[in-house]
Amino acid sequence: MTEVAVTPNGMAGKTDLSAAPTAGSSDLSAAPTAWNSDEMQARIRRRYRQERTFKGLGILALTIAAGFLVFLMVTVIGSGWNSFRQTQVLVPVTFDAARLGIGIEQAKADPRALSRANFQGVMADSVERSFGDDAQLVSDGAWLALRKAVEADPAIIGTTQPMWLIATSNMDQLSKRQIDLDADQANRPVNDFEIAAWNRLEADGKLRTVLNRTFLGGADSVDPELAGIWGALKGSFLTLLVTLAISFPVGVLAAIYLEEFAAKNRWTDIIEVSINNLAAVPSIIFGLLGLSVFLNTMNMPRSAPVVGGLTLALMTLPVIVIASRAAIKAVPPSIRDAALGIGASRVQVVAHHVLPLALPGMLTGTILGMARALGETAPLLMIGMRAFLTSVPQGLTQPATALPVQIFIWSDNVSRGFVEKTSGAIIVLLVFLLTINSLAIYLRNRFEVRW
Amino acid sequence: MTMPEAGVSVGTTRPKMTARDVKVSYGDIEALKGVSIDVSTEDVTAFIGPSGCGKSTFLRCLNRMNDTIASARFSGSIELDGHDIYSPDMDVVQLRARVGMVFQKPNPFPKSIYENVAYGPRIHGLASKKADMDAIVEKSLRRAGLWDEVKDRLQDSGTALSGGQQQRLCIARAIAVNPEVILMDEPASALDPIATAKIEELIDDLRGRYAIVIVTHNMQQAARVSQKTAFFHLGTLVEYGDTREIFTNPKQPRTKDYITGRYG
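Residue numbers (this note's numbering), protein chains in the order written: chain F, 1 to 451; chain Y, 1001 to 1264.
Note that these hints are calculated values from the structure, not bench results. One should not assume that every hint holds.
[Stated by the list, open to error] Under the rule of at most 30 Å between Cα atoms (straight-line distance), these lysine-lysine pairs were calculated in the DSSO-like manner:
{"no.": "1", "chain 1": "Y", "residue 1": "1023", "chain 2": "F", "residue 2": "264"}
{"no.": "2", "chain 1": "Y", "residue 1": "1151", "chain 2": "Y", "residue 2": "1198"}
{"no.": "3", "chain 1": "Y", "residue 1": "1105", "chain 2": "F", "residue 2": "264"}
{"no.": "4", "chain 1": "Y", "residue 1": "1105", "chain 2": "Y", "residue 2": "1151"}
[Stated by the list, open to error] Taking CB as the label site, the calculated pair distances span:
{"no.": "5", "chain 1": "Y", "residue 1": "1130", "chain 2": "F", "residue 2": "433", "range": "40 to 48 Å"}
{"no.": "6", "chain 1": "F", "residue 1": "438", "chain 2": "Y", "residue 2": "1139", "range": "18 to 26 Å"}
{"no.": "7", "chain 1": "F", "residue 1": "267", "chain 2": "Y", "residue 2": "1139", "range": "46 to 54 Å"}
{"no.": "8", "chain 1": "F", "residue 1": "267", "chain 2": "Y", "residue 2": "1027", "range": "14 to 22 Å"}
{"no.": "9", "chain 1": "Y", "residue 1": "1091", "chain 2": "F", "residue 2": "300", "range": "40 to 48 Å"}
{"no.": "10", "chain 1": "F", "residue 1": "32", "chain 2": "Y", "residue 2": "1234", "range": "44 to 52 Å"}
{"no.": "11", "chain 1": "Y", "residue 1": "1027", "chain 2": "F", "residue 2": "32", "range": "50 to 58 Å"}
{"no.": "12", "chain 1": "F", "residue 1": "272", "chain 2": "Y", "residue 2": "1042", "range": "46 to 54 Å"}
{"no.": "13", "chain 1": "F", "residue 1": "65", "chain 2": "Y", "residue 2": "1091", "range": "21 to 29 Å"}
Just so it is clear, CB atoms sit at the ideal spot from N, CA and C, and this is done for glycine as well.
Chain F with its partners taken away, still in its complex shape (with noise of 0.2 Å):
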């Protein structure tokens, strides 16, 4: 209705204008424009219907994209908090000197000796003892925990300790109550049988949940309940180091080159273009990159974080200098003017002035390529950082995988209990980012400053 009422208004106002060109600008300022006419509030009417629109559409972006935060975050942390405990078994443990095959002045003298005795032997008949010999309630690698008992104390070998000890993947996930027991036997993991035992067990007070201790300081394992996370985590945190340590320095000192010293020319140019054209490169092909280069070419050790942190500099370097160019371009020429002007030389204007003035946004663009590094799998996979590891990496040289190809490798686990591992390496993922996001962050208004 309102756009009818407008149209031979808007109407007449031309064809007057059209008629009398030659006088159109007196006629103009003759008219006073009629602010409260009908066509005038119908506009006013729909300049705010349009506001509220636009308004109501970014408050529902906005919802939809919380919403699907949300959504992520109680997924992961719903399934993966699990990961975070453990279930133990109360078993007396006997430690029978000749089972063992050490004998306490032995373990006291060498404690090496250790390493050869029969632990395994040892926890199998006691748990036998206590539960029957078809149970399956403790894990696998839960003698562990026996070893270090003597280890500490050697004066226990021959007597009967109660200790708690790792239960088993099944065991586990039963007390996590993550199995539906009204499920038929056959679609289940866990049997008839073990689901007895562990009711025993539970009546008894012989079951407890603990903090994970395994996982938070473990590599992986083929046992789910055995596996950990600090391998992937100090694998990460190794490549990020190699990453920063390279791509920070060559990344700022290119920016710095191109924008304060290199003469602008078709050179730089091209230059300029290739490092753009980089940042979009798939990291996929920095993967092949570095499997070609720094494995096939220069025979760097297979699966090392060194490795791995120099395909991801590769990978993060364009990121940085793109940002580091950025923030040198916003400093403003004033200051390299006034610096200039009472005789600095160019390197000094830039490691006096541009470059503390430049910091924060260096740093931001830093933050950005870590982070990106950081969650980076498929470049890792090229180069060998998927390898099954059951020990944490020593060093940059060390065979080592990275938290993104730990969640990767535990996803495509069929066991159960791998199921609350993956969500809880996304956990540890996240936290470590926003752990380094944080302190750069940190870093970064330390630094500022502002004018």
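Based on the hints, put chain Y in the right spot on chain F.
The following block gives chain Y in isolation, referenced to the frame of chain F:
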């Protein structure tokens, strides 16, 4: 000393800086088409002229700030105490310490007031002890007429000062390295009248100690602060002489038209 070009007549005893046939072009655009001028220590020299006439370009030639513009091409000669500043053995960094510059927009470093002044002496190694540096900072701020206003807050940021104070801080910063010439590129154009008056007073105080060259759009300002005035137009030096002469009895019709507000 004989002047090769018409309109250049200077009665100074001994020029501090001598420019001969200075030509500057930016790419295809010729910004200066042969300018010759003498600058002396006794006088404040004002460069006036309409926008785009080349006066700022010429000013920036005097301490080779134009070197930072990649497309700028220079020919001619400029001498400081008889030494060609464009000769290969001239160190640009030292030249800029000897020929200081104050810019149109106050541009203190985003550092403390103290650091702003101390920066120049520090990079040139003019003070080895903290006490010496303190003395240089105080002397420079006193000469710039800023000491009494900032002596209790030397550690505050230089950017927290008012516009006029910032510009005097920039002058103090230029003075601190003990220059022989100070170039000022419209130093008061971004300031209010009171701050402008203070800057002009300061320029008058500094006269005789340093050779001062000031570019200004404000003709009253040129008349107030300078003893010599050069009128630039379209990349040429139209007229150069005693300020009183230029403003009361210009020889060139173009100068007369500009001063009386006919164009520009």
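Now for the hints, and whether the structure bears them out:
no.: 1; hint: Y/1023 <-> F/264; verdict: 23 Å, holds
no.: 2; hint: Y/1151 <-> Y/1198; verdict: 18 Å, holds
no.: 3; hint: Y/1105 <-> F/264; verdict: 27 Å, holds
no.: 4; hint: Y/1105 <-> Y/1151; verdict: 23 Å, holds
no.: 5; hint: Y/1130 <-> F/433: 40 to 48 Å; verdict: 45 Å, holds
no.: 6; hint: F/438 <-> Y/1139: 18 to 26 Å; verdict: 46 Å, violated
no.: 7; hint: F/267 <-> Y/1139: 46 to 54 Å; verdict: 48 Å, holds
no.: 8; hint: F/267 <-> Y/1027: 14 to 22 Å; verdict: 19 Å, holds
no.: 9; hint: Y/1091 <-> F/300: 40 to 48 Å; verdict: 47 Å, holds
no.: 10; hint: F/32 <-> Y/1234: 44 to 52 Å; verdict: 47 Å, holds
no.: 11; hint: Y/1027 <-> F/32: 50 to 58 Å; verdict: 51 Å, holds
no.: 12; hint: F/272 <-> Y/1042: 46 to 54 Å; verdict: 51 Å, holds
no.: 13; hint: F/65 <-> Y/1091: 21 to 29 Å; verdict: 58 Å, violated
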